[in-house]
Amino acid sequence: MLRKFLMGAAATTMLAGAAMAQDATSDIVDTAVAAGDFTTLVAAVQAAGLVDTLKGEGPFTVFAPTDAAFAALPEGTVDTLLKPENKDQLVSILTYHVVPGAVMSSDLTEGMSAATVQGGEVTFTLDGGAKVNDANITTADIAGSNGVIHVIDAVIMPPAN
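Residue numbering for the sequence shown follows the UniProt record's numbering, starting at 1 and increasing by one per position.
Watch out, some of these pointers could steer you wrong.
Distance ranges between label pairs, derived from CB positions [claimed, not checked]:
1. Gly128 / Ser106: 11 to 21 Å
2. Asp127 / Met104: 16 to 26 Å
3. Ala115 / Gln89: 16 to 26 Å
4. Met112 / Gly56: 33 to 43 Å
5. Asp79 / Ser105: 13 to 23 Å
6. Ala72 / Pro159: 18 to 28 Å
7. Gln89 / Asp153: 17 to 27 Å
8. Glu85 / Gly128: 37 to 47 Å
9. Glu85 / Asn136: 24 to 34 Å
Hints listed in this document are in silico derivations from the structure and should not be mistaken for laboratory results.
Quick reminder that beta carbons are idealized off the backbone N, C-alpha and C, glycines included.
Take these sequences, add in the hints, and give me the full structure.
Listed below in structure tokens is the structure:
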């Protein structure tokens, strides 16, 4: 499901208007695949074994980093995370981008926090545009049959334990 989500996220960048006009019959993974600019995210979701989870019943809210967001990480980070021996760390980072339930942009309030599937919390700010932690929400409310996708311009990292 993560794989499809990443592929769909990539398509979202190219077809954001079309994706938002969809009737939400595709799950969030397929929606992301159809959207564009999410090839890294899709590869990561596949490597983490999260595709089936994200194709599940949901609902889920996914904060989807673009390929550019992944490219902005320190050199070698993505390649390291995609190695099988780092699967647990990859799963932790990816599930930190997922909140149970469907959270629409209209639900957000200044300073609101939400528990992630990973177990940590993300915080939303609205001053100067909607943000989750330090990532700007660049495209909001892309509906899927099992949740919603918000495109973000940075990879958000879970707090260190």
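Against the structure, the hints come out as follows:
Checked against the hint of 11 to 21 Å, the pair Gly128 and Ser106 passes, with Cβ atoms roughly 18 Å apart. A hinted range of 16 to 26 Å for the beta carbons of Asp127 and Met104 is consistent with their spacing of about 19 Å. In this structure, Ala115 and Gln89 meet the distance hint of 16 to 26 Å, their C-beta atoms being roughly 20 Å apart. Between Met112 and Gly56 the C-beta distance comes to about 25 Å, which lies outside the given range of 33 to 43 Å.
One distance hint, 13 to 23 Å for the beta-carbon pair Asp79 and Ser105, is violated here, with the actual separation near 33 Å. Between Ala72 and Pro159 the Cβ separation comes to about 20 Å, which falls inside the hinted range of 18 to 28 Å. In this structure, Gln89 and Asp153 meet the distance hint of 17 to 27 Å, their C-beta atoms being roughly 22 Å apart. Checked against the hint of 37 to 47 Å, the C-beta distance between Glu85 and Gly128 comes to roughly 40 Å, which is consistent with it.
Between Glu85 and Asn136 the beta carbon distance is about 32 Å. The supplied range of 24 to 34 Å therefore holds.
Of the numbered hints stated above, those contradicted by the structure are hints 4 and 5, listed in ascending order.
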